[in-house]
Amino acid sequence: MKKMKKWLLNFFAILVLLLSVYFTGTWSELFVDFQHAYFSLQNFGQKETKSQILDVEFFSPTLQSERKLAIYLPADYDKSQERYPVLYLLHGDPGDEQDWVVNADIQNVLDTLVVQGKIPRVIVVFPDGNGPNVSDGQYLNSVSQNQGLEDYLAADVVEYIDSQYRTLPNRESRAIGGNSSGGFGAINIALHHPEEFSTILLESAYFVLPNDSCKELLGKKTALCALNSPLQYLAKARLPEDFFIYLNYGSEDDDYILQENKEMAVALKKQMVTFFDQQTPGAHGWGMWNENIAEALTQTLSRLSTE
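Heads up, the sequence shown is in my numbering, so the first residue is 1 and it goes up one at a time.
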């Protein structure tokens, strides 16, 4: 039976791969579709849940376009008038708003942690972070490409969620996180907007804007690139005392990620910022992130205010 399931998993994954090439013709979309198909099949038959995953679209004033969001609502959302803390969880590149939902089976992870009493009931928002002009926009405001992804996330998405759902609309009840470039975007946005977020969850993040992104998105303007490289401006940042940062990276992660995480830990100590950092066995990818995500969610969401 197990061999048959594995065979079917591989067969359907290859089928989706071929169909994606035929219909989309773009390798980044193909890669994302392939990942989603693989993890959907892998997680098929998992326990039923009473929580909800909503797929919605809303108009972004900053980007002047319709944008997609996936939203996790806790099991009792429709039966209560309770207000909830919110986590905004960003995807890497290539990726989209379904990455965490599908690849990490995060609905079941969250439900389990709630039942175990390890985290409060929360709303989790998964935005599509791809830029309208440059897909890999690093979640920043691009001068040369005329796309304000940072403003879209820190303002448009947060305001939309607070207006449409029963959130606790304060920084003490709001976290942001992400994996890889989503982690870079999360900490860059949070450090620029400490009045909006109190807690950061990072999986295999990096903290210096890559040179090619600096050139493409900011016209290689040194000052702007430094202002979007957390390791280069953290020393001058003024952060609230309750700020908390969770750092996790793989033992076999990319060399620059290993190095920058070690440097970030040193920088946070100098700033006397409360943080937790650890190295999980594994490489840069969903295998390692999925191994760690329950602990990451526990450490971050348990710190959010529920009042």
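Calculated from the structure, these hints are not laboratory results.
Using N, Cα and C, we set each Cβ at its ideal position, and we do this for glycine too.
A couple of the hints might just be wrong.
Label pairs and their calculated CB-CB ranges [said to hold, decoys possible]:
#1 241 x 83: 20 to 26 angstroms
#2 220 x 169: 17 to 23 angstroms
#3 274 x 166: 41 to 47 angstroms
#4 277 x 159: 29 to 35 angstroms
#5 255 x 223: 24 to 30 angstroms
#6 223 x 305: 20 to 26 angstroms
#7 82 x 295: 22 to 28 angstroms
#8 237 x 169: 22 to 28 angstroms
Below, computed lysine-lysine pairings styled on BS3-like, alpha-carbon distance capped at 27 angstroms [claimed, not checked]:
#9 236 x 215
#10 215 x 270
#11 270 x 236
#12 236 x 262
Structure-based check of all given hints:
For residue 241 and residue 83, the hinted distance range of 20 to 26 angstroms is satisfied, since their beta carbons lie about 24 angstroms from each other. A hinted range of 17 to 23 angstroms for the beta carbons of residue 220 and residue 169 is inconsistent with their spacing of about 38 angstroms. Between residue 274 and residue 166, the C-beta spacing of about 28 angstroms breaks the proposed range 41 to 47 angstroms. In this structure the supplied range 29 to 35 angstroms holds for residue 277 paired with residue 159, their Cβ-Cβ distance being about 32 angstroms.
Our hint of 24 to 30 angstroms for residue 255 and residue 223 holds, since their Cβ atoms are close to 27 angstroms apart. The hinted window of 20 to 26 angstroms between residue 223 and residue 305 is violated, with their beta carbons roughly 36 angstroms apart. Between residue 82 and residue 295 the beta carbons are some 26 angstroms apart, a value that agrees with the proposed interval 22 to 28 angstroms. One distance hint, 22 to 28 angstroms for the beta-carbon pair residue 237 and residue 169, holds here, with the actual separation near 23 angstroms.
Pair hint residue 236 plus residue 215 holds up; C-alpha atoms about 24 angstroms apart against a cutoff of 27 angstroms. Distance restraint check for residue 215 and residue 270: the Cα-Cα separation of roughly 30 angstroms exceeds the 27 angstroms cut-off, and the hinted pair is therefore not satisfied. Of the pairs offered as hints, the one joining residue 270 and residue 236 holds, with about 11 angstroms between alpha carbons and a cut-off of 27 angstroms not exceeded. Restraint check for residue 236 and residue 262: satisfied, since their Cα atoms lie roughly 19 angstroms apart, inside the 27 angstroms limit.
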